[in-house]
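Visitor: Input sequences plus hints: build the corresponding full structure.
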Amino acid sequence: MINYHPDQHLLSLHAKGDLPLSMSIAISAHAELCPHCQQQLDQMTIALSEQQFESAVKTQSVDTNDNHQLDALLEQLLNSTLDTLEIEQASTIDTIDTIEDNSVSIKGQHYPLPKVFRKQINASWQGIGKVSRLRLDTGEPQARASLLHIAANGEIPEHTHKGAELTLLLAGEFSDCYNTYKPGDFMLLDKEHQHSPKTLEGCLCYTIVDAPLYFTKGFSKLLNPIGDLLY
Amino acid sequence: MDAGEIMENVQSQSTQSRYDKGHLAKRSLIKLSGAMKSNEPNPMADELASLMTQVANDRCKTSFAKLFSHFGPKINSFGVQRLSQQGLAMDLVQETMTRVWTKAHLYNAEKAAVSTWVFTIMRNQCFDMLRKVQHNREDSFGDDIWPLFESDEAESNDNDFLLSASLLQHVEELPPLQRQVVQGIYMQELTQQELADKLNIPIGTVKSRLRLGLEKLKSFMEKHYD
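Each protein sequence line maps, in turn, to chains A and B. One point on numbering: in this note's numbering, the residue at position 124 of the first sequence is 124, and numbering is uninterrupted. One point on numbering: in this note's numbering, the residue at position 173 of the second sequence is 173, and numbering is uninterrupted.
Among these hints, one or two may not hold up.
[Said to hold, decoys possible] Okay, derived cross-link-like pairs now, DSBU-like style, lysine-lysine, Cα gap no bigger than 30 Å in a straight line: (1) B:Lys-216 <-> A:Lys-107; (2) A:Lys-182 <-> A:Lys-115; (3) B:Lys-198 <-> A:Lys-107.
Read the hints as simulated data drawn from the structure, not as lab findings.
Guide: Here's what the structure looks like:
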């Protein structure tokens, strides 16, 4: 049972395609694990498509110039472009070449990943001790997105966030001072929160931080640069 | 064929299907999960669906022109709002409508209304274009982020849709190596030898993974459908 979900606002932004890649990946992966949110996204998509395409209101501000361009485009499509286009084959997402790509192995554990990660895993694992990180190259300067693996009985030293931190648990379990989390749980923490996640059986998460983390407890201060590396 | 006339025609039909507030609430009761389609009569939706069928089956350009006249200006206005850069909105119209043409046969009226299907294509294209504008990235992740609500070959060949859908889901749950072999043999219809060559493993390994995978599927199905 998934207990933590993205809020309505995030879901509706996602249905519109309004979120950056790092967060779009998180919502898509959550929805693959959570039929409830997937259904809400479907409803929102239906509502948006009706609003966009079926509303009786005339499209605002289509100027004559746009109309000319649209006519020209249609003419070009009909007269030449369409005949040169190949018919697309059915989606190849599940074909054999991509199956092996869409999973990760770390410390002897093998984890299948939600479909959205299919093209995102291009780096290798880095890390120290029980904590390993695989950075995703989203091209977004403000946000760092990673897969984070914590081996059994591992923990992240207590830290607060300079910005927001998102954690989507993909496999295994972990707990912090607030709760115990299960696969699919989607936790968005702001900079007010301090926490120190621990796991008994080991876990795999997808995380985004939008600014470097501060480690706030005694000895781990020394590890601050490594803390940056971990996330 | 005058594009203006077609637009008038489609839009006058749409006034009959005015949006009412109970509409969405009723939709949430749609039973078949994943189906993005309303059961209520909607003349414009029916018209669009029949145009799609003609494009898919007969490659009918007249029908395509009607779809273009309906969707083009609306895609353009979506693009103007979203992609601030001049000229990109028209690119979005072109990218979306050419996909409507090349993917028409994948449109599945059971899964989504034409409007919803076109919306998803447009949104996904727009996402990829925005990535290019904002981060100068030439990637195309839109179709991986949002499920496509299209037919794929595996299920279009099968009449027993629900059973086949749940079987497919169980295939997904198989351990990766077994899943790979089951999918290779049954969905891509490779021979055992072809698959062995492709994966660079002995044919005996293909056989044993296949046997393990099928046994697991059989027990899934027995557990749930006794």
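Visitor: So, for every hint listed, does it hold in this structure?
Guide: The hints, checked one at a time:
| no. | hint | result |
| --- | --- | --- |
| 1 | B:Lys-216 <-> A:Lys-107 | holds (26 Å) |
| 2 | A:Lys-182 <-> A:Lys-115 | holds (19 Å) |
| 3 | B:Lys-198 <-> A:Lys-107 | holds (27 Å) |
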